[in-house]
Amino acid sequence: MNALAIFAVNSIFALIMQAGGGGFFQRMQDYLKRFEPNLVNFMMLSFLLFIIGVAGVLSRRNIIIIFMSIELILNAVNINLIAFSRYLQANELVLRQRGIMVNPIAGPVFTIFIIVVAAAEAAVGLGIVISLFRNRETIAVDEIDLLKW
Amino acid sequence: MEKAVFIIFAIVAVGSALNLIAQRNPLYSALSLIGTLASLSALYVTLHAQFIAAMQIIVYAGAIMVLFVFVIMLLNTPEDHPEIEKQQWLRYLAIPFAAVLIGEALYVFREIRNITLPAQGEAEHAIGTTWSIGTNLFTQYLLPFEATSVLILMAIIGAIVLARREES
Numbered sequence: 098m099n100a101l102a103i104f105a106v107n108s109i110f111a112l113i114m115q116a117g118g119g120g121f122f123q124r125m126q127d128y129l130k131r132f133e134p135n136l137v138n139f140m141m142l143s144f145l146l147f148i149i150g151v152a153g154v155l156s157r158r159n160i161i162i163i164f165m166s167i168e169l170i171l172n173a174v175n176i177n178l179i180a181f182s183r184y185l186q187a188n189e190l191v192l193r194q195r196g197i198m199v200n201p202i203a204g205p206v207f208t209i210f211i212i213v214v215a216a217a218e219a220a221v222g223l224g225i226v227i228s229l230f231r232n233r234e235t236i237a238v239d240e241i242d243l244l245k246w
Numbered sequence: 046m047e048k049a050v051f052i053i054f055a056i057v058a059v060g061s062a063l064n065l066i067a068q069r070n071p072l073y074s075a076l077s078l079i080g081t082l083a084s085l086s087a088l089y090v091t092l093h094a095q096f097i098a099a100m101q102i103i104v105y106a107g108a109i110m111v112l113f114v115f116v117i118m119l120l121n122t123p124e125d126h127p128e129i130e131k132q133q134w135l136r137y138l139a140i141p142f143a144a145v146l147i148g149e150a151l152y153v154f155r156e157i158r159n160i161t162l163p164a165q166g167e168a169e170h171a172i173g174t175t176w177s178i179g180t181n182l183f184t185q186y187l188l189p190f191e192a193t194s195v196l197i198l199m200a201i202i203g204a205i206v207l208a209r210r211e212e213s
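Chains A and B, in that order, give the protein sequences. With the first sequence counted from 1, adding 97 to any position gets you the numbering used here. With the second sequence counted from 1, adding 45 to any position gets you the numbering used here.
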């Protein structure tokens, strides 16, 4: 099963990299053979999702898509919290020998709080959107300028 | 196995997130957000956080996305100019700021890469089980938990007040 999955990923990359030339493809394959997902990879994924979310908030006009981008930012935080608590849990005994007490369950607990905040934010935000649309007939953020001076 | 799962689902998550902000129709954006959330849930399983993975699917894909799709269908506004047209010069200001942010992130990643962390260490607690999360939630984090319930009550009342049609 393991070998099959690695073969599938490798062949997908082979198809993608065919046009890119032999040297790059060979290096990519070597990197994939050595690759093990660690803390830095999860942080990179979280960073990418955060950047995409910020780009969505700053560049789109539709307020519903801006809300979805905010959900994306909150999820980037969640994956960071879970990855950190996973690696804290794996190193808990080592850290205790050095006299550092950690609680690795804080990560999932705070993830639950963030999910709750996201749900509350979506409920209130979409309520505001409905009331706004009823009064102003628009959900484009640059046309909502009642508070602008 | 963990390697293949990480690569596939990380690519799906980032691709769906890019599709989210690129789509014109908000409904397709909502579908892309579901793709991102589901692949993040699969990544939580590889991080041994099964309870959070299940909760991600149930709360996000089950509750929040239904709310989003409901509001999108209720409003149904076609979008003619998806991007903000004003203040084009801010785009050139964005380049140095983005360079600073990416440089900072790369510096942090480099620093962390030097600390080698084993993923398969001897673990005393399981971070993913309902038992361990519930025990911590109702002993050590009881006050934040109660504050959360007040927050939810406020959100419910606020949503009802905001979405109610004005009488008279």
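Derived from the structure by calculation, the hints contain no laboratory data. Mixed in with the good hints there might be a few duds.
Some, not all, of what chain A presents toward chain B, calculated at C-beta under 10 angstroms [claimed, not checked]: (1) G120; (2) G196; (3) I202; (4) L243.
Only pairs whose alpha carbons sit at most 25 angstroms apart, straight line, appear in this in silico SDA-like list of lysine to any residue [unchecked claim]: (5) B:K48 to A:N135; (6) A:K130 to B:V59; (7) A:K130 to B:I53; (8) B:K48 to A:Q126; (9) A:K245 to B:A208; (10) B:K48 to A:K245; (11) B:K48 to A:F132; (12) A:K130 to B:A208; (13) B:K48 to A:N232; (14) B:K48 to A:G120; (15) B:K48 to B:F154.
All residues carry an ideal CB built from backbone N, CA and C; glycine is no exception.
Evaluated hints:
no.: 1; hint: G120; result: violated, 21 angstroms
no.: 2; hint: G196; result: violated, 16 angstroms
no.: 3; hint: I202; result: holds, 5 angstroms
no.: 4; hint: L243; result: violated, 15 angstroms
no.: 5; hint: B:K48 to A:N135; result: holds, 10 angstroms
no.: 6; hint: A:K130 to B:V59; result: holds, 22 angstroms
no.: 7; hint: A:K130 to B:I53; result: holds, 15 angstroms
no.: 8; hint: B:K48 to A:Q126; result: holds, 13 angstroms
no.: 9; hint: A:K245 to B:A208; result: holds, 24 angstroms
no.: 10; hint: B:K48 to A:K245; result: violated, 50 angstroms
no.: 11; hint: B:K48 to A:F132; result: holds, 7 angstroms
no.: 12; hint: A:K130 to B:A208; result: violated, 54 angstroms
no.: 13; hint: B:K48 to A:N232; result: violated, 51 angstroms
no.: 14; hint: B:K48 to A:G120; result: holds, 23 angstroms
no.: 15; hint: B:K48 to B:F154; result: holds, 19 angstroms
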